[in-house]
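Trainee: Take a look at the letters that make up each chain.
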Amino acid sequence: MKLASIKKRLPSGRHWILSGPYLWLLVFFFLPFVFVAKISVAEAALAIPPYSDMFDWLDGVLNIRLSFANYQWVLDDPLYLYAYWNSIRMAFWSTLLCLMLGFPMAYAIAKAPKSIQPVLLLLVLLPSWTSFLIRVYAWMGILKNNGLINGVLMWLGVIDDPIQMINTNFAVYIGIVYAYLPFMVLPLYANLVKHDQSLLEAASDLGAGKLTQLLRITLPLSINGIVAGSMLVFIPVVGEYVIPELLGGTQTIMIGKVLWQEFFNNRDWPVASALAMIMVIILIVPITLFHRFQNKEIKP
Amino acid sequence: MSKHSRAQDEVLLSIKNISKQFGEMTAVDDVSLEIRKGEIFALLGASGSGKSTLLRILAGFDTPSSGKILIGNDDITLLPPNERPFNMMFQSYALFPHMSVEKNIAFGLKQDKMPKDQIADRVSEMLRLVHMEKFARRKPHLLSGGQRQRVALARSLAKHPKLLLLDEPMGALDKKLRTEMQLEVVDIIERVGVTCVMVTHDQEEAMTMADRIAIMDEGFIQQLGSPVDVYESPINRMVAEFIGSVNIFNSEIIEDEEHYMTLRSADLDGDIYVGRGVSSGIDERQMLFALRPEKTFLSIDKPEQSHNFTAGIVDDIAYLGGHTVYYVKLKTGKIIQCFLANTERRAERPNFDQPVYVFWQDDAGMVMRS
Amino acid sequence: MTGARFSFSKFVFWLGITFLYLPMIILIIFSFNESRLVTVWGGFSGKWYVELFQDQQIMSAVLRSLELAFYASTAAVILGTMAAVVLVRFTRFRTRTLFSGMITAPLVMPDVIIGLSMLLLFVAMSQYLGWPQTRGMMTIWIAHTTLCMAYATVVITSRLTEMDRSLEEAALDLGASQLKAFMQITLPIIAPAVVSAWLLSFTISLDDVVIASFVTGPGATTLPIEVFSSVRLGVTPKINALATLIILTVSSVAVGSWFLTRRLNTRLSLQLAQK
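Protein chains in written order, with the working numbering: chain A, 40 to 339; chain B, 202 to 571; chain C, 48 to 322.
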């Protein structure tokens, strides 16, 4: 006896709960991208809002105005292409730096006695809860020409003229690592803490030294954490705006900054949208990768 | 077995052709059962046998792929768990950690919108039933395992359900406590008079507590009967081996008459003589002969009977205090078990590598087809 | 590993901690510097704090941001709890991947993209639906709720998966409806996660400058926007004072609530430990 009537049994409460957040996200997260796509194929105009209408009636005939000029404009210009390339490049190196600094840190916490692990974790995460803006700002005061480091070095007589640290790529790297380090440590720690200590003991029993244990056992088992942490740093850094704006110089061309300038300074919404679409396309693969790893955490 | 073998034969619950598939896998395969009012019924099986799935279907947490569950004439197959007149005691007890013992027990009554004073009365009644009056205000994490079990039991009985479901009731207790609680829980259930279906993998538990046992394997019921039936008259090898220990011999029918039959086994010296026949067909020559270890006798001298005996050598001895298990190696190399109760404190017993004779009575063993 | 004389990882750990905290400590110290210059110590002074509190623009921005963060976190947590329930309890439904994708994407999506896209949505909505008329606190609230909801969902989901499912089933078995079982049993048990999700959302909302810049309107300057526009022009001691206050407030709230959650958690895990 088939129970197709099972479907009637679904309490309506189930659908109600499902729809709330789902609808919200569909409207306020997913739908906006449709509009970005739409505007990216419009033309800039002296209007409010500053783009041309996609549809308009002319003599009773519906015209659809679609222009890929923006994309052409972006892809033809070596400056924009450089911006993308530079953003990816800088994001890559910052992620690597975060990883090199963050892995030993996460490892140290995971190996600490159980009772103080939460304290150590709190210590690492606390800065990330205070204002991101403030913390980047703090570095301005330290790195600028009449800032702390230069002041101390000159006072010590080590240098005569201030070293240009602010408004350089160097400052941007420091800023990024400073801001994003906790985001690397957390997933690494979450992974490392689940490692079975007895695996290392078994390896040791079989003759493996500390380094071998690390490379052959710990590292391979922490791949999930490494990928999650790396994605959590890499993806947002590609589109980062605040740090290059405050700490970077005119030669620090990152796509987030370029987008902002196109939008706010040039009032060129269509180009900004095209830039955004291209950024999303570039980031689709890492985002999907991140999503896959997140899901692994939800369903172990 | 409960004192209650007065089995009122009134049927409380009918399970008709219940099947459950998970994708390709069939967890429950066309199971039909009738649960009698007032009995304690056990679903016994190993993990993966389908018993837990069946229990969950009864409770309403899973819906069957096909089949019906009826109480009287009411089809409750599709009823959600909160509308069924059943209550379940979970394996992990599932006591609400943020509520006291009192509040835990009262929870179900509150859902029924029972008046406050009645709830209070019922809760005290339950606390008295399980001897937990002193712990009314405590939170579960401050109770021992046995105490938590009592609270869980009280909570599941508070609503006077038509059917009590127990999911591995003794699973979370240590061995000593287990035996004690088995009898106590049965006592409580009988005092309340509720019908009970329990699920367990522990055959001792099922034998101790249940009036009737259904042995499940691979999703269907292998055998259904009282503990005595299931132990002394297993219908197949699986059931025979699942409960207690058993020696099984491959044998061939020599004679099969109405009142007796003889079989021959390569492992045994003498022929097997059984006091009743099994009406085998012409093609059925191969049978299994099952002999429980406690039904055997050991002697150094050859016994007088001409059948139901064999010679062997004591291969291993396990002294278990109350009885001793002798592992006897037969001429074919097969090793069988023989239990001997240690009725005398220090008696003359066979020793390692000693040649012995094993023998048994005519009605001691069972013949099975598979 | 007993008696490690020199542990590389421990060394790097404390190096990292120093790296993380030093700039903040420097900031705090110099907020009390009489002199404007970072290179000169002019003596201990609280005058920048006085100037800060007299700055009406900044003060009203603070209140605005606090209010906004409150409403955004509350909405984010409510939606996040619902989303977590869906993700954990309903394992099979069509387009689940889309749903979970929309939940995790905001966690990594660059702010400029979120900001731009939401602004274009609001503009289009205003064109076709007439609402929102003007952008401002309402639109920022919507944007923040959307962003914070992702974080809230992640936090609550992890706690929900840890919870023993049989507790909910027991409640159902005893006659509670699905909703009652959730409110009376599940919610109290995941409460610590809900609280930390709320706090996390609060800090995220309070801190956001990029998205708010995109979707804001006249008269709705949030604190981060104020600070950012001020800071682009250079280091100012008033901002140092503000920064110090923010750091100290957030730290005390974070540490305080962390202790509270730990206490709640240890109590609950004792209660839950059925072994």
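Derived from the structure by calculation, the hints contain no laboratory data. Any given hint might turn out to be false.
[Stated by the list, open to error] Derived BS3-like pairs: lysine-lysine, alpha-carbon spacing no greater than 30 Å straight-line: (1) Lys340/B - Lys57/C; (2) Lys153/A - Lys340/B; (3) Lys304/B - Lys57/C; (4) Lys150/A - Lys57/C; (5) Lys227/C - Lys314/B; (6) Lys311/B - Lys227/C; (7) Lys153/A - Lys57/C; (8) Lys57/C - Lys317/B; (9) Lys227/C - Lys249/A; (10) Lys317/B - Lys269/B; (11) Lys227/C - Lys269/B.
Trainee: Failing hints, ascending?
Mentor: The structure conflicts with hints 1, 3, 8, 9, 10, although it agrees with all the remaining ones.
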